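**Student:** Spelled out, the chains give:
Number of protein chains: 2
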Amino acid sequence: MSTESKQNFQPDYLIDFTIEVFISFGIPKEHATLAARILALSDIRGIDSHGVARLYSYVGLLSEGLINPNPKVSIIREKKSVATVDGDNGLGLVVGHFANEMAMDKANKYGSGWISVCNSNHYGIAGYYSLEALKRDMIGWSMTNTTKLVAPLWGAERMLGTNPISIAFPGWNEPPVVIDLATSTAAYGKIEIAKRHQEEVPSGWITDKDGGLSTHPEDMINGGALLPLGSTRALGGHKGYALASMVDILTAVLSGANWGPFVPPFALRQEIPSRSVGKGIGHFFGAMEIDGFMEVDVFKKRIDEWVSVMRNTKPAKGTDGVLIPGEPEHLEEIKRKKEGIPLNASVIADLKAISKQTGIPFSEH
Amino acid sequence: MSTESKQNFQPDYLIDFTIEVFISFGIPKEHATLAARILALSDIRGIDSHGVARLYSYVGLLSEGLINPNPKVSIIREKKSVATVDGDNGLGLVVGHFANEMAMDKANKYGSGWISVCNSNHYGIAGYYSLEALKRDMIGWSMTNTTKLVAPLWGAERMLGTNPISIAFPGWNEPPVVIDLATSTAAYGKIEIAKRHQEEVPSGWITDKDGGLSTHPEDMINGGALLPLGSTRALGGHKGYALASMVDILTAVLSGANWGPFVPPFALRQEIPSRSVGKGIGHFFGAMEIDGFMEVDVFKKRIDEWVSVMRNTKPAKGTDGVLIPGEPEHLEEIKRKKEGIPLNASVIADLKAISKQTGIPFSEH
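From first to last, the protein sequence lines stand for chains A and R.
According to my numbering, the residues represented by the first sequence are 34 to 398, in order.
According to my numbering, the residues represented by the second sequence are 34 to 398, in order.
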């Protein structure tokens with residue numbers, strides 16, 4: 034995508050730095066370690082936008098006292114396999130981890146577990162949580178709502194977040210099938226990059242402030258919106274809007290969190306919503322024990338066969354053929370664990386600024 | 034969409050006819066009534082493709098003895114809130130109804146219930162099942178896999194069905210939010226209609242037999258495929274493919290049904306898959322008791338507020354503004370319950386052919 038020069042860092046170096054930074058804000062070591070590892074996993078899997086590049090935003094919110102560094106994550110209502118959890122305004126990475134554990138513990142006891150979470154903050158990549166379930170031979174689900182960026186189909190206002198959905202299924206010899214997708218057509222980061230490079234974006238990604246299709250990134254940035262997956266009515270934009278709505282309701286209407294245009298910002302520079310309709314942002318986690326449906330080994334071997342059949346689809350002319358959901362991230366993981374995580378100059382500058390603010394050393398080697 | 038002349042029928046007339054037709058194939062009256070009501074609900078909600086228009090296909094399969102008219106729908110494996118159900122090769126409408134009931138009974142006992150179903154057939158509209166859950170103050174989920182029509186992104190073969198996802202949330206004064214979407218960009222019926230009218234289709238709906246984008250419906254019909262929601266890589270076609278994969282795995286890999294390109298046909302004229310990898314087609318049902326998460330009335334009022342805020346989004350220029358998922362079907366339901374169900378000449382001809390075959394009278398009044 035970008036031609037900017039990058040510098041490689043070992044994951045452990047970034048993790049250790051991140052842990053110390055979090056600890057310097059009063060976050061307990063156990064929580065700091067968890068959060069640092071989730072950010073690093075994002076970088077390792079090639080999802081650069083949700084890794085250590087986000088540390089600067091977290092530090093901004095922690096510096097202003099907008100995030101509780103030592104939350105007590107607790108169940109506020111439950112019935113056997115389901116519960117609502119209050120994240121006590123902790124780091125989303127910490128709240129998310131513990132709520133997801135609760136879903137898996139319920140699955141262990143009741144076959145499945147489903148947790149809707151309020152009073153949380155930005156939780157990193159949705160895929161971290163669904164991948165955790167694989168360690169316990171479960172199918173993992175994860176969703177979160179996020180700050181408004183997306184217009185519902187036929188709307189001219191940002192009303193919903195990019196609200197991602199993730200679900201993961203374990204394979205036997207094959208890597209897992211990991212679905213992790215935002216319900217918008219494109220990510221906001223891509224609009225910012227196009228603007229920086231003074232390039233147009235494909236028609237179907239964004240609208241201007243009147244809700245009209247545009248290919249000029251500044252039209253979106255100046256009061257326009259991202260389009261939901263499907264883009265236009267003809268191509269199914271009502272479906273992406275419906276999926277974003279599903280995520281918003283399961284994560285926030287059901288938990289008592291803020292929903293739709295009232296979701297609080299995940300960085301200081303963002304607009305504060307006009308009113309509050311609940312507590313913090315919302316997540317939704319699910320876990321299902323495979324063994325409750327089918328022998329675990331039989332299921333994993335069926336997944337392998339499914340993967341093999343899909344991968345062997347006749348390729349479309351001019352392409353390298355069909356990929357399996359999660360496969361590009363899996364290949365990136367193998368590569369980056371060996372070669373390190375490439376960070377661009379602006380992320381390195383942010384980390385240096387954090388180093389200066391906190392006194393935690395950060396060097397480019 | 035179409036300018037074909039239509040004739041209106043009262044829902045009860047079509048239901049009574051359908052019940053008698055099913056009974057004539059040895060289907061017990063209770064099952065026949067259920068199935069007829071599900072087909073009629075589809076017509077009433079304006080989803081013409083999945084209503085009485087499908088009776089001809091069901092009759093074809095029943096006539097050939099390919100569907101068991103009196104199935105014993107049974108749980109073959111379970112752990113508290115989750116189970117796998119074998120549909121005994123019954124009508125999907127009957128199997129689906131009973132499996133969905135099992136999910137709701139589990140939700141009543143364990144807070145949620147999740148059923149993966151094998152050995153079933155075409156189950157009608159996904160939304161019927163999720164709507165049923167609302168009667169019990171639950172959130173309903175429903176998915177099914179279907180006969181192959183869709184190419185995975187960068188593939189040049191039909192490998193997946195249009196695999197729909199439905200989820201429904203009850204409102205207080207507002208009608209429910211009902212999400213019900215196929216994971217393809219467009220429905221196959223629209224390609225057939227365009228071909229009949231000798232019209233082109235929008236770019237992004239279909240590929241030709243080499244996997245290239247096409248606007249000529251006959252290219253899809255002659256060995257091409259539908260595109261997944263998102264259409265192209267730039268607009269997120271990998272996401273629609275991932276969602277279709279999720280449905281395929283939850284409904285069929287997990288239940289022991291046929292998956293991907295091996296899903297059996299739902300009508301006689303369709304191609305028989307090259308091999309069998311399980312039993313019948315697959316469904317997945319979920320139900321969650323709202324009361325396990327939040328006071329039911331509080332949740333319903335929060336849904337009303339969510340609906341009101343979304344509906345009041347500033348409209349995009351040149352549009353009537355934002356609709357709520359399920360709203361068009363709800364408005365159609367009010368209209369058709371009063372005015373009747375409009376059937377076109379080819380559907381009426383099919384019903385007359387069924388009347389002739391079975392001896393059940395059918396008149397145009």
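Derived from the structure by calculation, the hints contain no laboratory data.
For clarity, every value in this text was computed on a predicted model and none was experimentally measured.
Certain hints may be false.
Any copy will do: because identical chains look the same in the list, a pair fits if it lies in one copy or spans two.
Keeping only pairs whose Cα atoms sit at most 30 Å apart, straight-line, the calculated DSBU-like set for lysine-lysine is [as the list claims (entries may be wrong)]:
| # | residue 1 | residue 2 |
| --- | --- | --- |
| 1 | Lys350 | Lys389 |
| 2 | Lys113 | Lys39 |
| 3 | Lys371 | Lys105 |
| 4 | Lys112 | Lys368 |
| 5 | Lys39 | Lys223 |
| 6 | Lys242 | Lys350 |
| 7 | Lys113 | Lys223 |
| 8 | Lys312 | Lys334 |
**Student:** Does each hint hold? Answer for all of them.
**Tutor:** How the hints compare with the structure:
no., hint, result
1, Lys350 - Lys389, "neither (52 Å within a copy, 48 Å between copies)"
2, Lys113 - Lys39, "neither (49 Å within a copy, 51 Å between copies)"
3, Lys371 - Lys105, "neither (37 Å within a copy, 55 Å between copies)"
4, Lys112 - Lys368, "neither (44 Å within a copy, 40 Å between copies)"
5, Lys39 - Lys223, "within (18 Å within a copy, 48 Å between copies)"
6, Lys242 - Lys350, "between (38 Å within a copy, 10 Å between copies)"
7, Lys113 - Lys223, "neither (42 Å within a copy, 45 Å between copies)"
8, Lys312 - Lys334, "between (43 Å within a copy, 17 Å between copies)"
Going down the numbered hints, you'll see the structure goes against 1, 2, 3, 4, 7, while the others check out.
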